[in-house]
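As given, the protein sequences belong to chains A and B, one line each in that order. Note that the working numbering has the first sequence beginning at 1, numbered continuously upward. Note that the working numbering has the second sequence beginning at 1, numbered continuously upward.
Everything labelled a hint here was simulated from the structure, so no lab data went into it. Any given hint could be a false lead.
Heads up, incomplete: computed chain B residues facing chain A, CB under 10 Å, no partners named [what the hints assert, rightly or not]:
id, residue
1, 45
2, 51
3, 66
4, 69
5, 76
6, 88
Quick caveat, the model's predicted, so the values are computed rather than measured. Glycine is no exception: its CB is placed at the ideal position from the N, C-alpha and C atoms.
Protein chains: 2
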Amino acid sequence: MYRVHGMTGSGNCHKVRQILELTNQPYEWVEVDLLAGATRTPEFLAMNPNGKVPVLEFDDGRTLPESNAILCYLAEGTAWLPEDRFARAQVLQWLFFEQYSHEPAIAVARFIKVFLPEDHPRRAELPGLVERGNRVLAVMDRHLAERAFFVGNVPTVADIALHDYTHRAADGGFDLDAFPHVQAWLARLLANGFREMTA
Amino acid sequence: MYRVHGMTGSGNCHKVRQILELTNQPYEWVEVDLLAGATRTPEFLAMNPNGKVPVLEFDDGRTLPESNAILCYLAEGTAWLPEDRFARAQVLQWLFFEQYSHEPAIAVARFIKVFLPEDHPRRAELPGLVERGNRVLAVMDRHLAERAFFVGNVPTVADIALHDYTHRAADGGFDLDAFPHVQAWLARLLANGFREMTA
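Using the sequences and the accompanying hints, generate a full structural model.
Here it is, written out as structure tokens:
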């Protein structure tokens with residue numbers, strides 16, 4: 001059985017829970033207390049030298065970090081990761097878009113607003129992050145104007161990766177009313193069995 | 001024949017050139033003048049709505065953005081992307097590490113030092129970027145202490161993705177003398193036919 005080392009409330013960690021539940025794969029969740037330094041212990045760094053959650057642990061002790069690499073691994077052989085060479089590359093395109101353009105704006109804005117104190121100096125980053133995040137949401141909205149899902153006619157790991165921080169975007173100060181196709185897509189994912197993050 | 005829309009001097013673009021040359025696939029290079037706004041034209045945004053280089057264009061007009069998605073596409077069926085499910089996931093792990101942890105520190109420091117004027121306000125970001133970048137280089141150095149390449153016994157697209165901005169890290173104010181295993185790996189890649197960026 002897989003063991004997932006993750007933090008509740010982290011979208012990157014929730015992605016892993018999402019694919020495991022959508023594909024009915026059993027797993028054990030190990031809560032990691034990031035803020036108490038649990039990702040800096042020698043034991044954790046042996047699993048992921050980069051000191052980040054989530055990490056997927058196998059029965060034989062092998063470990064795999066990086067949420068989107070984990071998504072691809074767990075989706076292999078299912079419709080969540082298409083076989084077609086170009087469609088698979090398009091899924092990867094959106095996974096890299098998520099980690100490079102989306103997460104560093106939208107998830108980081110949420111982190112600063114929700115997890116840091118009111119007078120924290122990083123609050124100065126918020127206006128810039130909201131501007132970048134709105135550009136990212138506009139890219140998604142235009143793409144979804146003509147499509148039900150990011151790649152092809154069924155949801156893939158690209159939708160899983162982009163779902164979590166998008167549906168919590170209001171936490172970071174974003175107004176999804178400006179992005180109706182994104183809103184319709186979020187509703188469509190719920191109708192396809194997706195779960196929202198509860199924290 | 002593939003057409004690569006890219007900017008000379010960008011490591012993300014150079015990666016695409018690297019895989020095409022290492023696998024002897026012919027291509028045409030289309031120079032994109034980023035600083036003159038060439039990624040903001042309607043024609044460019046039709047190829048990549050996120051307005052970034054590189055973009056791979058196919059003979060039939062299809063386009064694929066995101067450097068690491070392009071690497072995976074072009075490496076499919078070669079030893080540059082392993083068939084084994086876990087090894088493939090490990091390659092993806094390092095590709096996401098590169099885009100999330102490495103590039104935003106090491107390439108951005110280089111961009112600020114090389115491309116922005118001496119009195120630009122973004123120079124204030126440099127000390128923080130150098131600190132983050134040194135942590136990333138330390139992760140790579142520990143990993144490479146026991147291995148010739150990032151995954152397995154032959155170079156993969158993970159090595160291609162991590163090569164370009166690492167060998168130009170001094171441009172951003174990093175001192176690779178502190179990371180001897182990274183230096184030995186860079187030399188090993190050159191001996192395996194890798195080319196350095198000339199600009």
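Hint check:
1. A cut of 10 Å between beta carbons decides the hint on residue 45 (chain B): the least distance to chain A is about 9 Å, and the hint holds.
2. Because the beta carbon of residue 51 (chain B) sits about 8 Å from the nearest beta carbon in chain A, less than 10 Å, this interface hint is met.
3. With its C-beta approaching chain A no nearer than about 4 Å, residue 66 (chain B) sits inside the 10 Å limit, and its interface hint holds.
4. Satisfaction of the interface hint for residue 69 (chain B) is found here, the shortest Cβ-Cβ separation to chain A being roughly 4 Å, below the 10 Å cut-off.
5. At its closest, the beta carbon of residue 76 (chain B) sits 6 Å from a beta carbon of chain A; the interface hint therefore holds under the 10 Å criterion.
6. For residue 88 (chain B), the interface hint holds, the least distance from its beta-carbon to any beta-carbon of chain A being 8 Å, beneath 10 Å.
The earlier numbered hints are all upheld by this structure, with none contradicted.
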